[in-house]
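Number of protein chains: 2
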Amino acid sequence: MDVTTGREPSMFDVAKLAGVSHQTVSRVLNGHTNVKEATRLRVRTAIAELGYRPNRAARALATGQSRTLGVVAPRSTLYGPASLLAAFEETAGAAGFAVSVSRVRTFETAAVQLAVTALLDQRVSAIAAIVPVRGAAEALADLPSGTPLVTIDGPLSTAATTATAAASTVAVDQRQGGRLATRHLLDAGHSTVWHVSGPQDWFDAAGRTEGWAAVLREEGRTVPPPVPGDWTAASGYRAGQLLGRMPEVDAIFVANDAMALGVLHALHELGRRVPEDVSVVGFDDVPESAHYIPPLTTVRQDFEAVATGAVGVLLEQLEGSDRPADQVVTPTLVERSSVARR
Amino acid sequence: MDVTTGREPSMFDVAKLAGVSHQTVSRVLNGHTNVKEATRLRVRTAIAELGYRPNRAARALATGQSRTLGVVAPRSTLYGPASLLAAFEETAGAAGFAVSVSRVRTFETAAVQLAVTALLDQRVSAIAAIVPVRGAAEALADLPSGTPLVTIDGPLSTAATTATAAASTVAVDQRQGGRLATRHLLDAGHSTVWHVSGPQDWFDAAGRTEGWAAVLREEGRTVPPPVPGDWTAASGYRAGQLLGRMPEVDAIFVANDAMALGVLHALHELGRRVPEDVSVVGFDDVPESAHYIPPLTTVRQDFEAVATGAVGVLLEQLEGSDRPADQVVTPTLVERSSVARR
DNA sequence: GGCCACATTGTTAGCGCTCACATTTCGTGG
DNA sequence: CCACGAAATGTGAGCGCTAACAATGTGGCC
Chain R
129 MDVTTGREPS
139 MFDVAKLAGV
149 SHQTVSRVLN
159 GHTNVKEATR
169 LRVRTAIAEL
179 GYRPNRAARA
189 LATGQSRTLG
199 VVAPRSTLYG
209 PASLLAAFEE
219 TAGAAGFAVS
229 VSRVRTFETA
239 AVQLAVTALL
249 DQRVSAIAAI
259 VPVRGAAEAL
269 ADLPSGTPLV
279 TIDGPLSTAA
289 TTATAAASTV
299 AVDQRQGGRL
309 ATRHLLDAGH
319 STVWHVSGPQ
329 DWFDAAGRTE
339 GWAAVLREEG
349 RTVPPPVPGD
359 WTAASGYRAG
369 QLLGRMPEVD
379 AIFVANDAMA
389 LGVLHALHEL
399 GRRVPEDVSV
409 VGFDDVPESA
419 HYIPPLTTVR
429 QDFEAVATGA
439 VGVLLEQLEG
449 SDRPADQVVT
459 PTLVERSSVA
469 RR
Chain X
129 MDVTTGREPS
139 MFDVAKLAGV
149 SHQTVSRVLN
159 GHTNVKEATR
169 LRVRTAIAEL
179 GYRPNRAARA
189 LATGQSRTLG
199 VVAPRSTLYG
209 PASLLAAFEE
219 TAGAAGFAVS
229 VSRVRTFETA
239 AVQLAVTALL
249 DQRVSAIAAI
259 VPVRGAAEAL
269 ADLPSGTPLV
279 TIDGPLSTAA
289 TTATAAASTV
299 AVDQRQGGRL
309 ATRHLLDAGH
319 STVWHVSGPQ
329 DWFDAAGRTE
339 GWAAVLREEG
349 RTVPPPVPGD
359 WTAASGYRAG
369 QLLGRMPEVD
379 AIFVANDAMA
389 LGVLHALHEL
399 GRRVPEDVSV
409 VGFDDVPESA
419 HYIPPLTTVR
429 QDFEAVATGA
439 VGVLLEQLEG
449 SDRPADQVVT
459 PTLVERSSVA
469 RR
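From first to last, the protein sequence lines are chains R and X.
Number 371 in the numbering used here belongs to position 243 of the first sequence; there are no gaps in the numbering.
Number 204 in the numbering used here belongs to position 76 of the second sequence; there are no gaps in the numbering.
Because the hints were derived from the structure by calculation, they are not lab data.
Hints are supplied without guarantee of correctness; some may be wrong.
Covered, in the sense of this in silico footprint (three residues per stretch, anywhere, with C-beta under 8 Å from a C-beta of chain R), are these stretches of chain X [to be verified]: (1) 146 to 152; (2) 184 to 195; (3) 219 to 228; (4) 361 to 369; (5) 417 to 427.
Per the computed footprint, the stretches of chain X lying under chain R, defined by three or more beta-carbons under 8 Å from a beta-carbon of chain R, are [unchecked claim]: (6) 307 to 315; (7) 325 to 339; (8) 346 to 357.
For clarity, every value in this text was computed on a predicted model and none was experimentally measured.
Beta carbons: idealized from backbone N, C-alpha and C, even for Gly.
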C-alpha cells in the first residue's frame, strides 16, 4: 500500500501498472470469465500493490445499482426491533451489501415517509422497514417507487385480499405465539387466562392478543378484558397492581418480557407469589428473563430467521421476481418456573 | 410526480422543464447565492413536478464526498452498544448524513478491520467505531487512511502519552461511574464493597473496576478480589451464588444491570434479602432496572450526549480540524431501593 | 449615452466506473 | 500453412453530478 498518494488510485492506475486496459481490471474485479489466468494474477498483484479499492459511487453511477440495502428502524431500543435490526444488518452485510439505516423517532406516517425518502435519495437497491405499527406500515406499501420493499414484522396479508400486494412481509406468527402461551397456561390447569397487552396498533401486540382470545374462545373459557400496556416495565407494573388485587386472577399472559417483569414486581409487592398463587407467561425471551424472580416462562422468536428471510425476499426481488413473497416464522415456548400446575 | 417514467428524471430534465441550464438547477439544489428568486422558484416547481431527487452517487463521484458516516457496531444487543448505536444513527441522520452500518460478530482485529474496510470501500466520509474492547480499538487507530475516525466508548488517552493520537475518542467516564457506585455504598455505612466485574478487556469494565478499587483504597478499605462476569445475567447469577454464600458480603457493586439481575436472583434463592442483608448497585440504568426486585440503584450513562459528541467530533474533523478531540461524559447515580443504610 | 462592476446564467470537462462493441490473439482442422 | 472461430483484450461513450471558467445581462455613474 502506498503512503503518499495525492489521490486514491483508480482503475486506470491499476491498469497501467499491470500493463492492461482498465476494462480488463474491471473484468477481474467483477469475476468475469475470459481473462487469462496470468493476466488476472498480474492485475491482482497491481491491485494489492496500489492498495486500490473500487469506488462504489462510480460503480453505482454506472450501473444504476448501489448494492446498498436501506433499513428503516425505530429509534427505540425495544428488544424485538433492536434484535431484528442487528440480525438484518449482519445478514445483509454477509451477503455483500452495504446497509444504510434511517431511524424514526415515531411511527407517524410523515416521519416514516421521511426516513424512506432519505433512503430513496441514496438510491438504495431495496428497503426493509421495521415498522411494526398499523398505519405506518400501510403508508409504506403504496410508495410510488420501483424499489423493492419488505416489511419486517408487518401486516400479514392473512385475508388473501392482497389489495396492497406491493410489498412483501416477513414476520413472526404472533397469533401463534399468543396461542402457545395461552394454551400452556390452560394446560397447567388454569380456568382462564388474563392478559396484559401491548399497544394494539402494533401488529405484534394485536396478534398476541388475538391468539390469546382465540384459544380462550375455542376452549369455551371466559375472555377477561385485556389490560393495556405500552411495552414498558412501568406499564406492566401498573397492570400488575391492578390484576394482583383481584383474587380470582391466577394466570396472566403478558405481551412482552419487560412488562412481565413489571407484573412480577407488582405481584411481589402485593404478596402474591409466582407461580404458587399466580402463573405468568411473557413474550420475547429476552436474555434476562431466565433470571427474573422467578425465571420467566416465555415465548421465543427467531429473529435470525426473520432477518434471513427478509434479506432473501429482497434479493429475490432484485433478481427480478415480481410477486411479493410473504414469510412467516413460528415462535416457540420456553418453559421456566413462572407457571405451576393447578 | 410522474407515473410512467422510463428512467428517473435527471438534473437535465429539470433544467429543460424550467428553461434553464443544469448548472442553475445544481445551484438551487445546493443553496448557492446568486440565483434570481424567480428562477429559483421555477426550478423548485420543476423539481416538484418531476419528482426529481438528486443522485447521491453522482454527487459523491463528482465531489469525492459521500456525506455518509460509517459505524462499526457489535452484533450483540447489549444495552450500552445498542443505545449508543441508535443515538448515533439518529444524530447523524438529523445532521443530514446517511449512515452505513457494519456489524462485527467478534472484536478480533481481523473482524473489525474487515468491517472498517467494508466502510472504506463505500468511501464513507468518516467512521465511528463502537468497539469498546482493548485490542480492537487500538488496531483501528493506525489504519492507513485519511478518513476521520472516532472511537465511541474507547480508550481515553488518560496518560497524555498521545502516542496513538490518530483517532479521537468520545466516552463515558467509567471510572467516575465506578467511584460513584462505590462511594454511595460506603456512604451507606458498608465497611467495604465487593465487585462483580465485566470482561476486563472492555474499557467500560476496566474503568468501572478501577474506579471501585480506587475509592476503596482511598478510604483505606480492604479491596476484595473482584468476581469476573461476562455482562450476562447468567454470569451475574453465578457470581451471586458465590458471594451470597459468604456471610461477610453485604455490599456488591455489579458492573452492569443485567449481571445485577442475576445477582439479585441468586441472592433471592439463597434467602439473603436485598437491601436488608446485602446492598446492590448496578450500572447502565436499563429501563427495566426500576422494576427489578428490589428496584435497583444504578449508574446512568447519557448515551445521547456521547452520540452527539461523536457526531460533533466527526463533523469538526471533516471541516478540516486535524487535532483529535477527546470528549468525556459524566455518569450519574440513580438511587432506588437496593441499598440500605447500615 | 457609454462603460464598468457585479449579479446571473451557461458551457465544458471531468469524477471512476460499466456497457456495448471493436479489435487482437490464439489454437485448430483442412 | 492458412483460414476461421473462440478466447482474450482494448476502445469509446455515458451514468448524473459539480467545479471552474466563460458569457451574458443589469444598473449606476460620470
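Verdict on chain R covering the region 184 to 195 of chain X, where coverage means 3 or more residues with a C-beta closer than 8 Å: Contact hint for the region 184 to 195 of chain X vs chain R: holds, 6 residues under 8 Å.
Within 8 Å of chain R (C-beta), three or more residues of the region 146 to 152 of chain X: violated (count 0)
Per-stretch coverage check for the region 346 to 357 of chain X, three Cβ contacts closer than 8 Å to chain R: violated (count 0)
8 Å C-beta test of the region 219 to 228 of chain X against chain R, three or more residues: It holds: at least three residues are needed, and the region 219 to 228 of chain X offers 4 whose Cβ sits within less than 8 Å of chain R.
Three-residue Cβ test at 8 Å for the coverage of the region 417 to 427 of chain X by chain R: Holds: 5 residues of the region 417 to 427 of chain X have a Cβ under 8 Å from chain R.
Within 8 Å of chain R (C-beta), three or more residues of the region 325 to 339 of chain X: violated (count 0)
Within 8 Å of chain R (C-beta), three or more residues of the region 307 to 315 of chain X: violated (count 0)
Cβ contact check, 8 Å cutoff: the region 361 to 369 of chain X against chain R, three residues minimum: It holds: at least three residues are needed, and the region 361 to 369 of chain X offers 4 whose Cβ sits within less than 8 Å of chain R.
The earlier numbered hints that this structure contradicts are 1, 6, 7 and 8.
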